[in-house]
Amino acid sequence: MAAARARDWNADCPAAVSTVKLEAALKKVSTQAAQYEHQMKDLESKLAESLSNFRAIDSLLQEAFTGLRRNAQRADHALNKQVAHITHELDTSMESLTQLAEDLPTIQSQVAAIRAVYDSGRMKAQSLVKDLTWLNTEFYERWRVIIFTSSSPVSWRWRALMRIFFAISFVIFVWLSWITVWGGYRAHRGGLLFGEKLMS
1 MAAARARDWN ADCPAAVSTV KLEAALKKVS TQAAQYEHQM KDLESKLAES LSNFRAIDSL
61 LQEAFTGLRR NAQRADHALN KQVAHITHEL DTSMESLTQL AEDLPTIQSQ VAAIRAVYDS
121 GRMKAQSLVK DLTWLNTEFY ERWRVIIFTS SSPVSWRWRA LMRIFFAISF VIFVWLSWIT
181 VWGGYRAHRG GLLFGEKLMS
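The end of the sequence shown is residue 200 by this note's numbering, with every number in the run present.
Bear in mind the hints are in silico, worked out from the structure with no lab data behind them.
You may find that some hints are simply not true.
[Claimed, not checked] No more than 30 angstroms apart at the CA atoms, straight line, and that leaves these computed lysine-lysine pairs for DSS-like:
{"no.": "1", "residue 1": "LYS41", "residue 2": "LYS27"}
{"no.": "2", "residue 1": "LYS27", "residue 2": "LYS46"}
{"no.": "3", "residue 1": "LYS41", "residue 2": "LYS28"}
{"no.": "4", "residue 1": "LYS28", "residue 2": "LYS46"}
Full structure from sequences and hints, please.
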């Protein structure tokens, strides 16, 4: 019923419809105006930032230009005052290099001779240290290294002789141990038999 009345009222009052449309359009326009105002504020802040950056860049460019002008003045001063001195120094250096080039083969031969003497002395020192280390090793350790390793600083003949001697000694030891064990076993067995005879 109320809807019917509203339709009748809207049909009867077209001015009310236009007012609603006008309010909607006004609201839309105000929203767009607020958006435009916000965009203008953003643009204003960006312009202020860009202006600040431009001033900083301008200051840096001025400092760089001042430095370039100062360096150009120094370069002109060096070109006018120091070129003759540099040329004289270059000539002196070329003479020194020529003299060094002439002396270089002699120096190289002397360095080669010194290196050969140094290498020979180093090898002799290493050999001496190795011999002293071997001589300071205990007899048992030397004997073990000679027989069971191949890193002992002795001749192969001496190493073979020591290994043969060790093998013979080991065989004799095993043989004597076997004889002792076997004799003990027989003595023990004979003692038991003799005891049994006594008991019987």
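Starting from the hint list further up, note which numbers the structure goes against and sort them upward. When the structure is compared with the hints, none of them turns out to be violated.
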